[in-house]
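Peer 1: Okay, here's what each chain looks like letter by letter:
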Amino acid sequence: MALEDFRAEAERCSHCSYCSWVPFDLIKSRRFSKGCPSIGYSNFQSYSARGRYALALALLEGAVSYNQRVRDIVFQCQTCGSCDVACKVCRYNLEPLEMILELRARLVRDGQAPPQYEPYIKGLRESGNLLLQPRERRGDWADGLPVKRAPEQSFDVLFHAGCRFSYDENQQHIARTAVSLLNLAGISVGILGSAETCCGGRAYSMGYRDEFAACAEKNIAAWQKLGIKTVVTSCADGYHAFKRLYPRLGSKVEVLHTVEVLDKLLQSGGLKPTKRVSLRVTYHDPCRLGRLGEPYIPWSGKEKKIFNQIVVYDPPKPRYNGSGGVYDPPRSILKSIPGIELVEMERIREAAWSCGAGAGVRECFPDFADWTAGERLEEVKSTGAQAVVTACGWCERNFLDAIDRRREKIQVFDVAEIVQKAL
Amino acid sequence: MAFTKEIYRILEDIVGPRNISDDAAVLVAYQFPLSVTSIHLGPFYRARTPRPAAVLLPGSAEEVRKIVVVCNRHKIKYKAASTFWGAMGFPSHDDVIQLDMHRMDRILDIDRKNMFAVIEPGVTGANLQAEAMKVGLNTHIIGAGASCSPLASATSYAGAGPDTVFMGSSGENLLAAEWVLPNGDLVTTGSLGAGSGWFCGEGPGPGIGGLIRGNFAARGAMGVFTKCALKLYPWPGPPLLPVEGTVPAYKTLLPDNFKAYTLAFPSWQAWADCTHKIWDAGIGYIAHRQFNMFGRDLKFAMIKILSDPGKNLSDLEALSKDPEIRRINESMKREFQLVLAGMTPNDMKWQEEALDEILAETGGFKVNAMSDPEIARWVLAFLIRLGHKNTNLVYAGGYEGCFGTFGPPDYGASLVEKTSEFKKGWEKKGSIVEAGGDCTMGGLGGMGGGAYMMWENFTSWDPHDRDSVEGAFEFFENTHRFAQENKLGTGMERSNALCRGNDGKEIPGEIREEALADSPQSHVFRYQHKIRKALNPNDLGDAYYVTLEGEK
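Protein chains in written order, with our numbering: chain A, 1 to 423; chain B, 1 to 552.
Derived by calculation from the structure, the hints in this document are not laboratory data. Since we're looking at a predicted model, the values are computed, not measured. Be aware that one or more of the hints could be misleading.
[Claimed, not checked] 25 angstroms max Cα-Cα, derived DSS-like pairs, lysine-lysine: (1) 418(B) x 302(A); (2) 304(A) x 113(B); (3) 34(A) x 148(A); (4) 113(B) x 28(A); (5) 134(B) x 34(A); (6) 304(A) x 134(B); (7) 28(A) x 259(B); (8) 134(B) x 28(A); (9) 429(B) x 418(B); (10) 317(A) x 349(B); (11) 409(A) x 421(A); (12) 259(B) x 305(A); (13) 317(A) x 259(B); (14) 229(A) x 264(A); (15) 304(A) x 530(B); (16) 321(B) x 304(A); (17) 305(A) x 304(B); (18) 424(B) x 305(A); (19) 429(B) x 304(A); (20) 225(A) x 252(A); (21) 381(A) x 134(B); (22) 272(A) x 225(A); (23) 304(A) x 304(B); (24) 305(A) x 134(B); (25) 305(A) x 311(B); (26) 252(A) x 317(A); (27) 321(B) x 311(B); (28) 311(B) x 302(A); (29) 113(B) x 302(A); (30) 134(B) x 317(A).
Chain A with its partners taken away, still in its complex shape:
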């Protein structure tokens, strides 16, 4: 699609502002009622999906020219999809998140990407990762682990570590833990090591379509060559990319997040918790595992009108509204661990507040990323939890940094770490 294809939507947006809030039925307090971090931080209506529809239209009409403010409005957003969920409480013919992603792609194509992105995208092109690290070190995190490595060994189930868990020394243990748990349960997984490439999902959300496609094609080709049937990842970004974006490019592998596998293992007795983990925790739904984690459904069709002016699609268009995200497996895991007390925050599941790191915000707008994480930490604290547990390396990193800056005492765990503590 092109930005021009969103003109109709931009003209059909009624500017109601629902996109700024969590779905109203789910509001439990004034303090935690906001859904969109972007307008929450900047306050101008322009920084909501509604404002971005207006901006898209103005750009299409030539009523606004590119400048720093345009770039801020377009890129100061985690593309977390909160707006999309809230809009779809009432609307069936708007796709605000798709529009925002298209707007970004347009700016990137027109050379209007924030300069802060440049080193990361250069690193992605040259080294296949977003952490400015050498490609050859990508598999180092697994050194010493009894794990198969391609191309020397063959396997059906691939563990994709992702950029964060591959390179961040404070987070590599999470990937090691995940693989160890799978091994313990008798699931033999392999890795691509230095041949693994970034999923490209983050590049896609930043607006770099070509770079995303290059990553995807590389990974898909590698998987096909190795005969991979299932890809397991602990990275929510990777999960979203593989589950939702890759099928558009022909990927047919089964995609599972670690939490889905661990949940099944705990339910089936493949893993048996034996130790008590006395911890009061709350769970943070990563955007790309939760509301954006719905599986891809192929669709090709066109708009049509029924009853004169009701806008629908022929054939019916899949509706991504967050209702089918991965919400229950991580909660089920936590509830199955003796001693864990799960206390929920107010904004959960499809209404979860973003961690702040997504879509290049951490790299380009660090203050905004930190503010967003800080808001979530306030919500964590309001539950009385000792720890926030999540299932995404980017969320974990952003929370850890925000906690450091605030000198908070909240602990951050990946779901896999909690499981390991119980074994």
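Based on the hints, put chain B in the right spot on chain A.
Peer 2: Here is chain B on its own, set in the frame of chain A:
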């Protein structure tokens, strides 16, 4: 006066550089599309309200006061809006400063004992309700829904809604207020003006409710309200609205002292009789003809879609042909929704019995399909929180009410078939959604103990489609003609056409003179002119505070 860089700098000093912008990329978000729902004028294809000269995000009453003083000094018009739901919150002239009150969003107090809240403009209905429920209270939420500002509605607009039968309308709930007058003076009204707190709107301090609200409220044209107190009402439910399900089919499972019924009747007279009897009996927490907004022929299919996350708007065609759904639509042709909320078990029992008696007397009945637990719980969530209200726009994005009227239920009910038949004829032409002619909806009022309600017949169109927008406009023009010919009065779909025209800008005073000079009690508008002149000497507002100049 033109807005200059120098004025910008002065304003920037007041609110800080983060809270002001004159960048076009920001300003375009403050231009409301008049092709969508212009709130009682238009629609006009691809027209928008004028682009403001700058947008400011004040953070306190003192900042607002300083801004208004600067505006007076430089003769710059300003327009404040809180939650930006409709066109009336946006400028209607060039070179206007838009005040976005979004940052002033605190709930300053909820006085449980005296049952009122003190709020700022950016507080939404949903936020206030969520906080009030924690202490066993509830707030009136206007028909436009939970996203809207209760302060804006109470101080500056009409503010009726589904719960008006129990909680009144916004204007009736206004207690003391803090008001930055159009000239920059800061006034505290009612008891607050006498240093006695927020509990009363009409004294012991200055009781100036009439000045504040005028004939139909000032809608942002007479200064800026920065705080107000609102009456709250009993909430006999849990402190957190217990919501289950997933988007968009959120449902609430409340205790047995809550019941949501859809009541249907064999005739419109029976319908109206029932509303009178409900008022006489003093029962009901929410009473609203809500879901008929989807149309007589489509409403139950839409309810099935909206209450099931697995369904899509594309299912509408097939569902509407389902014989069982058609039968249900036919059975509830003349219906409204009633929510009972018992304050005690005995109260609930009494309300249930009273309702059954009323239904027996009027020949009405409870629609079984709407009492299905899954649907009834969805209805309860919808009507209590009113957070799905933008399903007004579900079809294609453009909607407006026609044949809007305030009056006794007998009067409105007597017109439904006639006006719906007229609309049905226009639906056949293709520009507006074909929904069965009757998309009439509205709430049972509470004024004076009842016998009063608001009606409007929703009309939907596609704002992206020129033919649809222009056809909808032609339709509204003809509803006006039809209403005049049949002596039905001027519908609300025309009311703001006296405030702005098809370019989004204020229309000349001569047109208001022509339209209103011979209207009943037109001297009200002339008196308002005197008030406006006294309080707003530099004429820094717009025509939403409707006035007529001179004597007649």
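Peer 1: Hint by hint, say whether it matches the structure.
Peer 2: Now the hints, each set against the structure:
About 38 angstroms separates the Cα atoms of residue 418(B) and residue 302(A), which puts this hinted pair outside 25 angstroms; it is violated. Taken as a hint, the residue 304(A) and residue 113(B) pair is broken in the structure, with Cα atoms around 55 angstroms apart against an allowance of 25 angstroms. Straight-line distance between C-alpha atoms of residue 34(A) and residue 148(A) comes to about 45 angstroms, which puts the hinted pair past the 25 angstroms bound. Of the pairs offered as hints, the one joining residue 113(B) and residue 28(A) holds, with about 22 angstroms between alpha carbons and a cut-off of 25 angstroms not exceeded.
Between the alpha carbons of residue 134(B) and residue 34(A) the distance comes to roughly 19 angstroms, so the proposed pair stays at or under 25 angstroms and holds. With a CA separation close to 46 angstroms, the supplied pair residue 304(A) and residue 134(B) exceeds the 25 angstroms bound. Of the supplied pair hints, the one linking residue 28(A) and residue 259(B) holds, its CA atoms being roughly 22 angstroms apart against a limit of 25 angstroms. Taking the CA atoms of residue 134(B) and residue 28(A), the gap is about 9 angstroms. The hint holds against a cut of 25 angstroms.
A C-alpha spacing of about 18 angstroms is found between residue 429(B) and residue 418(B), which places the hinted pair at or below 25 angstroms, so the restraint holds. With a C-alpha separation of about 47 angstroms, the suggested pair residue 317(A) and residue 349(B) falls outside the 25 angstroms cut-off, and the hint is violated. Restraint check for residue 409(A) and residue 421(A): the C-alpha separation of about 20 angstroms stays at or below 25 angstroms, so the hint holds. Only pairs whose Cα atoms come within 25 angstroms are accepted, and residue 259(B) paired with residue 305(A) is rejected, the gap being roughly 37 angstroms.
A hinted pair counts as satisfied when its Cα atoms are at most 25 angstroms apart, and residue 317(A) with residue 259(B) does not qualify at roughly 36 angstroms. Simply put, residue 229(A) and residue 264(A) have alpha-carbon atoms about 18 angstroms apart, close enough for the 25 angstroms limit, and the pair holds. Restraint check: the Cα-Cα separation between residue 304(A) and residue 530(B) comes to about 53 angstroms, which exceeds 25 angstroms; the hinted pair is violated. Pair hint residue 321(B) plus residue 304(A) holds up; C-alpha atoms about 18 angstroms apart against a cutoff of 25 angstroms.
With a CA separation close to 20 angstroms, the supplied pair residue 305(A) and residue 304(B) stays within the 25 angstroms bound. Between residue 424(B) and residue 305(A) the CA atoms are separated by roughly 18 angstroms; this keeps the pair inside 25 angstroms, and the hint holds. Under the criterion of a C-alpha separation no larger than 25 angstroms, the hint pairing residue 429(B) with residue 304(A) is consistent with the structure, at around 18 angstroms. For the hint pairing residue 225(A) with residue 252(A), the CA-to-CA distance comes to about 13 angstroms; that is within 25 angstroms, so the pair holds.
Proposed proximity of residue 381(A) and residue 134(B) is supported: the alpha carbons are some 20 angstroms apart, at most 25 angstroms. With a C-alpha separation of about 35 angstroms, the suggested pairing of residue 272(A) with residue 225(A) is violated against the 25 angstroms cut-off. In summary, the hint linking residue 304(A) to residue 304(B) is supported, as the alpha carbons are separated by about 21 angstroms, within the 25 angstroms threshold. Taken as a hint, the residue 305(A) and residue 134(B) pair is broken in the structure, with Cα atoms around 45 angstroms apart against an allowance of 25 angstroms.
Distance restraint check for residue 305(A) and residue 311(B): the Cα-Cα separation of roughly 17 angstroms lies within the 25 angstroms cut-off, and the hinted pair is therefore satisfied. As the CA atoms of residue 252(A) and residue 317(A) are separated by approximately 21 angstroms, the hinted pair is consistent with the 25 angstroms bound. For the suggested pair residue 321(B) and residue 311(B), the alpha carbons sit about 16 angstroms apart, so the restraint of at most 25 angstroms is met. Taking the CA atoms of residue 311(B) and residue 302(A), the gap is about 19 angstroms. The hint holds against a cut of 25 angstroms.
The suggested pairing of residue 113(B) with residue 302(A) is violated, with an alpha-carbon distance near 58 angstroms, which exceeds 25 angstroms. For the hint linking residue 134(B) to residue 317(A), the alpha-carbon distance of about 40 angstroms lies beyond 25 angstroms, and the restraint is violated.
Of the numbered hints given earlier, the model fails hints 1, 2, 3, 6, 10, 12, 13, 15, 22, 24, 29 and 30; all others are met.
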